[in-house]
Structures are given as structure tokens and as C-alpha cells.
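Those protein sequence lines, which keep their order, are chains A and B. All residue numbers for the first sequence refer to my numbering, where the first residue is 269 and numbers rise by one. All residue numbers for the second sequence refer to my numbering, where the first residue is 173 and numbers rise by one.
Keep in mind that the hints were calculated from the coordinates and are not lab data. In this text the structure is predicted, and so the values were computed from the model without any measurement. Think of the CB as a built atom: it goes at the ideal place given N, C-alpha and C, for glycine as much as any other residue. Careful: at least some of the hints might be erroneous.
The following label-pair restraints were derived from C-beta to C-beta distances [unchecked claim]:
(1) A:F723 / B:N216: 15 to 23 Å
(2) B:E243 / A:F725: 22 to 30 Å
(3) A:N475 / B:E282: 49 to 57 Å
(4) B:E282 / A:P472: 24 to 32 Å
(5) A:G554 / B:K331: 51 to 59 Å
Straight-line alpha carbon distances no greater than 30 Å define the calculated BS3-like cross-link-like pairs of lysine-lysine that follow [said to hold, decoys possible]:
(6) A:K334 / B:K255
(7) B:K202 / B:K307
(8) B:K250 / A:K334
(9) B:K307 / A:K334
(10) A:K692 / B:K250
Take a look, some chain B residues computed to stay more than 12 Å from chain A by CB distance [said to hold, decoys possible]:
(11) L204
(12) I235
(13) E239
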Amino acid sequence: MKQLYFLSLILIINTIVLGQNNGGVFSGSFDSYNQLYRKDIKIGAILPQDKVGSNNYLKLDYKQKKFSGGVQFEAYLPSVQGFPFIANGNKIANKYFKYTTSNFSLQVGDFYEQFGSGLVFRAWESRQIGINTALEGVNLQVAPFPFLNVKAIYGRQRKNFEYANSNIRAIDAEIDFSKLNMSAKTRTVIGFSFVSRYQQYTGPIQNFPATVNATSTRLDIGGATTSVSLEMVNKKSDPHDANNFDKKNGKTFLANLTFSKNNLGATATFRSLKNMSYRSEREAVGSVGFMNFVPALTKQHDYLITNIYVYNAQRKGEIGGQTDWFYYAPKGSVLGGKYGSNFSLNYASYSGLKNENNIFSFSNDNYFHDLNLEWKKKLNEKLSIILLYQNVFYNRLVIEGEPLPDVKSNAFVINTVYKYAKKKTFRFELQHLSTKQDKGNWAAVLTEFSFAPKFTFYLSDLYNYGVTDIHYPTVGGSYTKSGTRFGLSYGRQRAGLFCVGGVCRFVPASSGFTATLTTTFHK
Amino acid sequence: MMKKNYLLAALLFSVYFTSAQNFLPDVNIKSLSGKTVSFASFANNNDTAIIVSLWATWCIPCILELETISEQYEEKQKETPFKFIAISIDDARTSQRVKPFVRGKGWPFEIYLDTNSDLKRALNINDVPHILIIKKGEIIYQHNGYVAGNEEELFEKLKSN
Numbered sequence: 269m270k271q272l273y274f275l276s277l278i279l280i281i282n283t284i285v286l287g288q289n290n291g292g293v294f295s296g297s298f299d300s301y302n303q304l305y306r307k308d309i310k311i312g313a314i315l316p317q318d319k320v321g322s323n324n325y326l327k328l329d330y331k332q333k334k335f336s337g338g339v340q341f342e343a344y345l346p347s348v349q350g351f352p353f354i355a356n357g358n359k360i361a362n363k364y365f366k367y368t369t370s371n372f373s374l375q376v377g378d379f380y381e382q383f384g385s386g387l388v389f390r391a392w393e394s395r396q397i398g399i400n401t402a403l404e405g406v407n408l409q410v411a412p413f414p415f416l417n418v419k420a421i422y423g424r425q426r427k428n429f430e431y432a433n434s435n436i437r438a439i440d441a442e443i444d445f446s447k448l449n450m451s452a453k454t455r456t457v458i459g460f461s462f463v464s465r466y467q468q469y470t471g472p473i474q475n476f477p478a479t480v481n482a483t484s485t486r487l488d489i490g491g492a493t494t495s496v497s498l499e500m501v502n503k504k505s506d507p508h509d510a511n512n513f514d515k516k517n518g519k520t521f522l523a524n525l526t527f528s529k530n531n532l533g534a535t536a537t538f539r540s541l542k543n544m545s546y547r548s549e550r551e552a553v554g555s556v557g558f559m560n561f562v563p564a565l566t567k568q569h570d571y572l573i574t575n576i577y578v579y580n581a582q583r584k585g586e587i588g589g590q591t592d593w594f595y596y597a598p599k600g601s602v603l604g605g606k607y608g609s610n611f612s613l614n615y616a617s618y619s620g621l622k623n624e625n626n627i628f629s630f631s632n633d634n635y636f637h638d639l640n641l642e643w644k645k646k647l648n649e650k651l652s653i654i655l656l657y658q659n660v661f662y663n664r665l666v667i668e669g670e671p672l673p674d675v676k677s678n679a680f681v682i683n684t685v686y687k688y689a690k691k692k693t694f695r696f697e698l699q700h701l702s703t704k705q706d707k708g709n710w711a712a713v714l715t716e717f718s719f720a721p722k723f724t725f726y727l728s729d730l731y732n733y734g735v736t737d738i739h740y741p742t743v744g745g746s747y748t749k750s751g752t753r754f755g756l757s758y759g760r761q762r763a764g765l766f767c768v769g770g771v772c773r774f775v776p777a778s779s780g781f782t783a784t785l786t787t788t789f790h791k
Numbered sequence: 173m174m175k176k177n178y179l180l181a182a183l184l185f186s187v188y189f190t191s192a193q194n195f196l197p198d199v200n201i202k203s204l205s206g207k208t209v210s211f212a213s214f215a216n217n218n219d220t221a222i223i224v225s226l227w228a229t230w231c232i233p234c235i236l237e238l239e240t241i242s243e244q245y246e247e248k249q250k251e252t253p254f255k256f257i258a259i260s261i262d263d264a265r266t267s268q269r270v271k272p273f274v275r276g277k278g279w280p281f282e283i284y285l286d287t288n289s290d291l292k293r294a295l296n297i298n299d300v301p302h303i304l305i306i307k308k309g310e311i312i313y314q315h316n317g318y319v320a321g322n323e324e325e326l327f328e329k330l331k332s333n
């Protein structure tokens, strides 16, 4: 209750401030995701005791000149099914105060931060997948010279509604050489990070590392058409639950090459790593308590069917890479036709390490591959079409930990958009995935009517006709006005990224009603 | 409770500062060549409106919106001049794809990266796509989500302001 009083006090203060009209800016957002569950034996959805799930986030910020401050109030009444942690309650989970000038900033309270690409440190939030690893403490950033930027942070990591039982201190420095030599045609940036975590150890093992340090060195060179970036991370011995008390050091090497000219863009990424689970607590397992960010470097697909077999980066050890090619065939060219056309190709492949001490050794144990091609074409003023093909290899033993056969699948997607009036559109998706393994074949169909800028209605069905014979039908709609959006749907949904009603959201698996309200406001 | 009192005091303290013209959050984003730019610097654009789109490479409606605006870009510029910036919220998982992706689309926009969603958070945006019109440092229009035809309202608002 104390927090509610505090919240209303801030609201009152802000109202006074606005009343005085002295130039401050008040802004905020509200994000509410609600579900009413029904009993659904077919998909094995266990009806929770409370048939309701509701995640709510109210964020308020106030900025005046160089000062800003804010709070995030969270209410789980209780948290929705499929959320990574079960919460029932409410709290002002984040609060901060910040002072910013052009070359200095100081933030106290809860903050988010990322060093480089986050391989050594990232504090972030993703409400839809239930991640909030904000640090509570101090974040100081100084740029004493135009070419140098230094960040120093200290704090403890948020753990649901509590804090992790450890201290994190870290420093990051970045030098931009192009600021030293203005005539340089290429931009060269080097960065160095040092991260340290201390968690008291009271067990019986002698010389146990209570403090675990990690360092990262990175180099980015960017030219007009080509750019290269390299990053090397070293993590000291860090025996903990999630790595089965492996005492060996952790290592990552990441290289990325990008080429772009005219209407062609290409990129190639190589990454190899071992023992990169770096957490705020030794006891943390699963997706809890990560201090660093090791994403699966694969394409983030945006259709129901292409999100069934999704890779997870193997922090224990993996080696592999990804390449992307994008080409725009301009209007009037042979491939482009009257309206132009887009082509893209993506290939990613990851394997285990042959020798666990050598991060540059490929083994024959393939973990995953994804080859996909996409073609997008506007056929006439009204009709445009996207065609997608995807081929996947998915090692279930490694990715899911299940001793089951590997999955090989092929998928096709057709997405057509028919704009039959100035603000009226009909969208139709047909999707199919075929595989002889796991649950066999899947088919999906989605139809959506939209009336810009306010209304959308959709009807979709995902159908597993290979093994389970289960349909995942959903009907829904949304209403949007400026920064406010209300969505309502009914049916069964699989967990994953779902792009309907004009936005994309990650949704949990569920059966029943779902109501979403998001809004943003400025004053 | 002590911490809260500090925060409260800080908020009260901030009330005593005088008027500011710039309503945009002072949050750093990066250009595709790696240059750090403060979002607040976009307030210094005189009378020309700036359209800001927050998008991601994995978001179909976002791409649809940017492609549509790209097609009409020259024609609409003649009616009411504007500056268009597209800020990708792709995180480190997909941010290396942004540069080639954009080149492979032939878009005439200025592109920036917000890889840890600092700007998205500061603008209090929940989902992508989200589009804003900024004039003299103030947000004069915004819309969440995109379906074909939304651009009509966007350009109407641009004209009438």
C-alpha cells in the first residue's frame, strides 16, 4: 500500500507541475495483458486455480531540463500462464532519478545498460517474455573528450520482485578514432569492458571464486560500403549450478562483416563460444539471472509456422554463423517490374565444439540450421505478395534436452495483401510445414481485415495434422487511436511471435480469452 | 522508505527549474556507421517536421509501413517537406542485419539503432511499429501499429500542422 501512496503522490506532484506550466514534460505508458482461461484437455492446458491471469505495467516519467525521474509500477493479478516466474502482487518495481548534460549523466535507482553487443554485460527488459534484469544502483557516464566515452556502474540485479544476492560492478570505455581525425573516411571505434560479480561463498571448497570477472575487447571499423566488427570475451572460472560447476574459463569470439552498395546488402557473422553462462547468482538456472546476452544468431521469423523449431544459443559451447543477403530490384528493371521487388536469403548453422577447450574446433555434431528465402513483389496498385521457403535442421537432444530424433522440416508461406480501397485491406496467409519427425505436418491460415487507422479483425487457425490432430483457432480484433490500442481475442494460441492487428507481440501459450490494452501519453 | 524520500525530494527539487523548449528525451542512439547521436538533437530542425518510426527487421507491419512511405516519399516531400528517420529497436540478436537490410530495400531514410530499447522506453512506446511526428521538439502526433492506409492519416496530420 505504501507504494500506492507513493505513486499517487508523484501523480499529484506532476499535476501541480503541469498546472504551473513551467516547461516540464510528463509522460507515461500503461501496458496490460489479461487472460481468462478455459479448460482445454486437448493441448494439456492445466486450468490454474484462479482462471485469470493479468500482467500490468504502469510507467511514469517526468523530465525537466537536465533532470528526469520516474517509476514503473507492476501488478500481477496473478501473472499470466507461461510467464517465466509466478507472481501474485504489485509493487513499484523500478524507480530512478537522472541528471544529464551533453557529456555527463548520473542515474541512481533502477537502470538498464548494455556494453557493446551485450556479450559481456546487458541489463534489459522484455515484458512479453518476462525478462527484467535492471540493476538497482548507480550508473555514471562521462565523455571527458569528444572521442572518449566512459561508463561505470554499480548495483544489484533485479530478480522478479526481489534482488539477486550479489553485487555487480562494471566499467566500459569506448574510443571513437574518427573524432580525432575528422578527415577520416572510415570510422574506427575500440571498446573495452570489465565486469565483476561478487557473491559471498560459505561452502566448504577452498579457493572458491566468490568474485567472477569478465572482460571484453571490441573493434568496429565502418566504411562507406564495408564494415567489420570483432569482439573477444574472456570470463574467469565460474563454477555454478547452471554449468554443472565447471571450473574452466569462458570464452567468446564474434566477428561480423557487412557489405552494402546500391540496392544490395550482405552480412556474414561468425561466433564461437564456450562456458558463457554468466549469472548474478550461482544458484540460478533456466533463464534466470543472466548478466550477459548470448542470443541465437539466427533470423527472427515472423510467421506462426516458421517459429515452431527455434534455436537457442548453447552457452555451454557452440560454433557457427549466419549470412544474410538482401537485394532490391528497382522499378523498371527486369526483376523489379513496374513496382520493384525484394529478395532475401538467410542461412544460419551451428554445431558443437570438437574440443571443448578450443573454441575454433568444429565438430560433426550439428545443432541447428535454417535456410530461408523470401521474395516480395507488388503485383499491381492493389495486390502485393510475399513468398517464403524455409528448411530447418533441429537437434532436439541439444536444444530441448530430450533424447528424441532430430527434426528436418520444410516450410512454405504465402502472404498476400489486397488493398481494395484507400484505407481498407484484406490480408491472407497460407502456411505449411512438413516433417517426418516430431509432431509431423502443420498447416496454418490467417485472414485479416483492416480499416485504417482504427480497426482490424482476424481469424486464424494453426493445425497439426501429422500426429496430434489439434487445431489452434483464434478470432480477434483491435481498436487503435493514436498511442492507444485495445485488442481482444478468443481461442488457442501457441507461444511465440504473433504479428496481427498491425503490431507484433510475443505471446504465451494459452486457451481462452485474451485482452490487451496499451497506451502512451505525453503532456 | 529512505530511498523513496530521496526520489521524492529530487522530483520536488526538479519543479523549481524553469521552462525548457525541448520535450524530447536526451537518449543516445547510434547511426549505422556507429556514430552516437542524442535523440534530443532532433529538436533543432526549425519548422520542418520530423517523422520518427520505431521499427524492427522482424516486424512485418513495420516493414510494410516503411515500404509504403518510401514509395510515396518524393511525392509527399513536394507537398510538405519533412525529414524521416527510422529507428530500429532490433537488439544484438538481429541488429547486425539492419544495415544490409536497409540497403537491400533502397529506403531513402536516415536509419538509427536503439539496441537496448533505451529510446523506446524513454518515449514510453509499448509495441512496434510506432510512428511520431515531431515539430519544434514536441510530439504533435503519434500512432501505434500499422495497417495499409494508416499513412493517409499521417500525411493529413503532417499537412495540417
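Self-check item: Verdict for A:G554, B:K331 (Cβ pair) under range 51 to 59 Å
Solution: holds (52 Å)
Quiz item: Going straight from one Cα to the other, do A:K334 and B:K255 come out at no more than 30 Å?
Solution: Judged against 30 Å, a Cα distance of about 26 Å means the pair holds.
Quiz item: Does the structure keep B:K250 and A:K334 at a Cα separation of 30 Å or less?
Solution: violated (37 Å)
Quiz item: Quick one, are B:K307 and A:K334 close enough, alpha carbons at most 30 Å?
Solution: holds (20 Å)
Practice problem: Find the nearest Cβ of chain A to the Cβ of B:L204 and say whether that gap is larger than 12 Å. | Solution: violated (8 Å)
Quiz prompt | 30 Å limit on alpha-carbon distance, applied to hinted pair A:K692 and B:K250 | solution = holds (26 Å)
Quiz prompt | CB-CB spacing for B:N216 and A:F723 relative to the 15 to 23 Å hint | solution = Violated, since A:F723 and B:N216 (Cβ atoms, about 38 Å apart) do not stay within the stated range.
Exercise. Just tell me: holds or violated, for the beta carbon distance of B:E282 and A:P472 against 24 to 32 Å?
Key: Violated, since B:E282 and A:P472 (Cβ atoms, about 59 Å apart) do not stay within the stated range.
Quiz item: Under the criterion that the straight-line Cα-Cα distance not exceed 30 Å, is the pair B:K202, B:K307 satisfied?
Solution: holds (22 Å)
Quiz item: Taking 22 to 30 Å as the hint, is the beta-carbon distance of B:E243 and A:F725 inside that range?
Solution: holds (26 Å)
Quiz item: For B:I235, which was marked as not at the interface, is the minimum beta-carbon distance to chain A over 12 Å?
Solution: violated (9 Å)
Quiz prompt | Range agreement (Cβ of B:E282 with Cβ of A:N475, hint 49 to 57 Å) | solution = Taking Cβ atoms as reference, A:N475 and B:E282 lie about 54 Å apart, which means the hint holds.
Of the hints listed earlier, those the structure fails to meet are numbers 1, 4, 8, 11, 12, 13, in rising order.
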